[in-house]
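Here is what each chain is made of, one letter per residue.
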Amino acid sequence: MSAIAINRTTFFCRTPVAKKVVMAVTGVILFGYLIGHLAGNLLIYSGNPAAINRYAELLHASPPMLWTARIVLLVAVILHIIAAAQLWLLKRRARPVGYCRKEETGSNYASRTMIWSGPIIALFVIFHVLHLTAGKIVPLAMAGHEPDVYHSVIDGFRVPMISAFYILAMVLLCLHLYHGLWSMFQSVGVSHPRYTPLLKRFAATFAFILAIGFISIPVSVMIGIIR
Amino acid sequence: MKLTLHIWRQANSTAPGRMVKYEVDDVSEHMSFLEMLDVLNEKLTLKGEDPIAFDSDCREGICGTCGFMVNGVAHGPLPKTTVCQLHMRHFKDGDVLYLEPWRTRAFPVIKDLAVDRSALDRIVAAGGFVSIDTGAAPDANAIPVPKERAEISMDAAACIGCGACAAMCPNGSASLFTGAKITHLGVLPQGQPERNERALRMVAQATEEGLSYCSNHGECEAVCPKGITLEVIARMNRHYIKAEWVDRGQPAE
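For the record, the sequence lines run as chains A and B.
With the numbering used here as the guide, the letters of the first sequence map in order to residues 181 to 407.
With the numbering used here as the guide, the letters of the second sequence map in order to residues 1335 to 1587.
A few of these clues could be false.
To give an idea of the interface, some chain A residues facing chain B are shown, with a C-beta separation under 10 Å as derived from the structure [to be verified]:
1. Met203
2. Gly286
3. Gly369
4. Arg407
Over 12 Å on every C-beta distance to chain A, these chain B residues come out as not near it, computed from the model [claimed, not checked]:
5. Leu1337
6. Asn1346
7. Val1361
8. Leu1374
9. Ala1484
10. Gly1495
11. Gly1506
12. Leu1522
13. Glu1542
Since the hints were made in silico from the structure, they are not lab data.
Just so it is clear, CB atoms sit at the ideal spot from N, CA and C, and this is done for glycine as well.
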């Protein structure tokens, strides 16, 4: 077997299969973060503003832990974006002359729009950090010396444009996960005729639940359930 | 029945191509799609025009030579059917059809609807084989093959290498083809000694050919005339990833 020479040190990084593995592994990390983030956010429904504020304090209790988590997430996001960009370039080169007519059989809206939902979600994440972590969009509410998360969230989501962007980003996140959550298994080689259809249903359900969970917060603020 | 065809005409691989409109009368519902084109070509020849070039060989759906896009779907609207086995009874009078060649960088157009698919041959040559000693044939039952393994292998071996997967893929990836070839030998006991090399080399060759990546849309399995499923792509990924972990490659010279 000597059809082509393989340089093993650089080979893995160059193949599309490996890039998809990077997408999948970083995707799992970001998905795990989303679950934790939503679980924390839902404390806002406890009826006691101190609950979510205590949770925020707990997250900030140990700066080394906090920054480790932030760096892991940042690296995952960067790798996810780099791999996506490289794959997108590959795809653009793969079909220099397009079709006059092309049907889309077998794929779905979510799978075809990954390259659009992704960057919009990334922009939203930047906005979201500026808004509720840095307080650059709406001034953060303070409770003594500590930031008051509960009232900062309410102040923010009373601005209709902020709520609208949040809801739009979460709808796109739902689409992104609808495809990504099962696709990551396929990319690392997990597929089974019996379990993959179940996995797809699980992915769709989970994407929907996660999006509903996040969207419920600005909606609750706007209709006055949380005040 | 009467059909209006818009067909991609391109004199050779370097000439610019364009869609040309043809009217075909008296199409019989019993004709196959290729026979309908044969009738059109007869008329074009009689008029002194250049007939439409398209590939075909067995015309019974098992050789993988034919194939082009019909209204934006590889091999046309009927699932699990090559275009030679697609009969005109599936169309109706007055239909307007757009015929285009497979389009990916790896399959340059030779002429009209005929494309060069030797990229697929090179992928097979890179690792889609089992090395055996020549001589007397081995005893038929010397190597037991579990039934389930044999079924997985045979399902993958149904791939006729037509290239519809790469043509239909929104990314221009032939992963369904490469996955089928890797699965076909990689699940059998005879394929084990070269399993890692096979996965590494075939994936590398597909990359070399400019066939891009699988993002699990599933358009390939929707049009595969042999009903090969995305499971072979997961298996390709699995074999490839495992090979990357366990195979230390060729020793340094």
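Hint by hint, which ones does this structure get wrong, listed from lowest number up? 4, 11, 13
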